[in-house]
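Visitor: Chain by chain, the residues run as shown.
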Amino acid sequence: MSKMIEVRWHGRGGQGAKTAAYLLAESAMQEGKYIQAFPEYGPERMGAPIMAFTRISDSPIRIHCHVKSPQVVAVLDPTLLETVNILDGVPENGTVVVNTDESPNSLRRTLNISGRRLFTVPATQIALEIIGRPIPNTPMMGAMIKATGLLDIEAVIANTRKSFEKKFNAQVVEKNIQAIRRAYEEVKSE
Amino acid sequence: MGNLISMEGNQAAAEAMRQINPDAMAAYPITPQTEVVQTFAQFVADGRVDTEFVTVESEHSAMSACVAAAASGTRVMTATSANGMALMWEILYIAASTRLPIVMALVNRALSANINIHCDHSDSMGARDTGWIQLFCENGQEAYDSLIQAVRIAEHPQVRLPVMVCYDGFIISHAVECLELLNDKEVQKFIGEFKPVNSLLDISHPYTFGPLDLYDFYFEHKRQQIEAYGPAKRVVVEIGKQFATLSGREYGLFEAYRLQDAQLAIVLMGSAAGTAKEAVDRLRANGLPIGVLKLRAFRPFPSEELTQLLSRFEAVAVLDRAVSFGAAAGPLFTEISSALFASNRRPLLVNYIYGLGGRDIDIEDIQEVGEKLKKTAESGKVEQPFDYIGVRK
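Going line by line, the protein sequences match chains A and B. Residue numbers for the first sequence follow numbering that gives the first Met the number 0, beginning at 0 and rising by one. Residue numbers for the second sequence follow numbering that gives the first Met the number 0, beginning at 0 and rising by one.
Mixed in with the good hints, there may be bad ones.
[Said to hold, decoys possible] DSS-like, lysine-lysine: derived pairs with alpha carbons at most 27 Å apart:
| id | chain 1 | residue 1 | chain 2 | residue 2 |
| --- | --- | --- | --- | --- |
| 1 | B | 221 | B | 184 |
| 2 | B | 373 | B | 392 |
| 3 | B | 188 | B | 221 |
| 4 | A | 67 | B | 221 |
| 5 | B | 240 | A | 67 |
| 6 | B | 184 | A | 165 |
| 7 | B | 392 | B | 374 |
Calculated directly from the structure, the hints in this document are not laboratory data.
From just these sequences and the hints, can you work out the full model?
Guide: Listed below in structure tokens is the structure:
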């Protein structure tokens, strides 16, 4: 099998982690990649910790097992940092993107994180300011694309627009695009 | 390769149903099948299909309505999972024994108790003796393709049996994957018009369905039903080949992956087959002569074909995602070992139970099965005929 990237999304029910996992997969497919995306299903409910996963590969994906060692982790809710081991299985050279006001340096100290490339972005604040609702999934996707360089940001935006146009009005679509762009610009590295 | 699109397994199944455009559908929602029925009901509401959609109060009623609709000479589909299938049990037998070509999507889920919404094959296995043809799928693409083929298999004049297309709950039903769809016209041309052999509504030729049938004739009718499985095997292969000329994707009774020069084999069904192929590639890279036999048709069970293929092997591991309580082994193992017993030469056989209630099975788990199989072949004897993968004591 050629190189495959696995992404794990941590969120709380209602924050759009599953949508983000699916959007990333669809964008990658538009770029000619093979994909898989799936949520972890339990007794899902608003506010409960949930995970969703995206696999991206140059060749067809045959495996159907859980994602255990994701190279990329996106944390949509900072309160999960205290309750969930977001670094579980993440290799030393993995990338972690967290929705928080803190700087990556400060977060590294607080959580005592060794290795890994750490990025932070105030995604909830961006979502509130631009979209008017605290749904951080689209800005988190923008931040994650900048942090990883997984895909071309314009391709992600084009696909998000196409996908959201089916569900939302033009204003909501454009606000989400704006939020993606702003998080892409504002994400902080160490 | 044509145009790839991304879709969840359940959406793909609903899309196949939309393109098939059955005359009738009766179904009751249950996790993880819900999206199939929900999406299809939307197609009905939007006028995108001509289907008479019968909303019912239970799965027992759903299958009863399917039986009535099919006996009236119409093309009928349904979908269910786990406890829903269990509630259909009585009527599953009636559908098959009345030779009604109903097609069902079965989204595999563990049976209660305790309540579990995730995948195993205990629902399929509970229905294995009902007389339905059972096709197992590895991914969303196979579920979509098999539902379309199932219409042709079920309605084939030499078969006339209901077909359940089984795919793994959540692992496939709720995972987005890349897949290729046919266009509506291609699907309609492939399935053709339904020509019922007997029909309740054919008033110029009145028929009786399901009458009292005692010791003077019941046995003969059962014999006919048993013998219908002979042509069914041939038809599954034939329709799979025809589907290949349309789509480029060929299907048969099973898929042999890297078995040609192998001495060891892993036999399994469903979504874990893909993971097993990856494990086999890794084991091959370390020099292990191993392959995967992915069984697609559990009913009709290809006994002769599997015996011919597997009898020359040194050792074979059969992986079951269901149990038969009180039996010595899992249902798939029992079938395989029983088939191989007729052969003069046969491999050493081991059985593993895995994945009950959705327990994950990963590449390393299956690699370990391969490594152990190598030791079994080297020692020439089976130390442990029955074991588990990934369970605490």
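Visitor: Hey, residue 221/B versus residue 184/B, does the alpha-carbon distance stay inside 27 Å?
Guide: violated (38 Å)
Visitor: Does the alpha-carbon distance linking residue 67/A and residue 221/B stay inside the 27 Å limit?
Guide: violated (50 Å)
Visitor: Under the criterion that the straight-line Cα-Cα distance not exceed 27 Å, is the pair residue 392/B, residue 374/B satisfied?
Guide: holds (24 Å)
Visitor: Holds or violated: residue 373/B with residue 392/B, Cα cutoff 27 Å?
Guide: holds (25 Å)
Visitor: Please verify whether residue 184/B and residue 165/A have alpha carbons no more than 27 Å apart.
Guide: Holds. Residue 184/B to residue 165/A sits at ~25 Å (cutoff 27 Å).
Visitor: Could you grab the alpha-carbon distance between residue 188/B and residue 221/B and see if it respects the 27 Å cut-off?
Guide: violated (34 Å)
Visitor: Could you grab the alpha-carbon distance between residue 240/B and residue 67/A and see if it respects the 27 Å cut-off?
Guide: Violated, at about 38 Å.
Consistency with the previously given hints fails for numbers 1, 3, 4, 5, ordered from lowest to highest.
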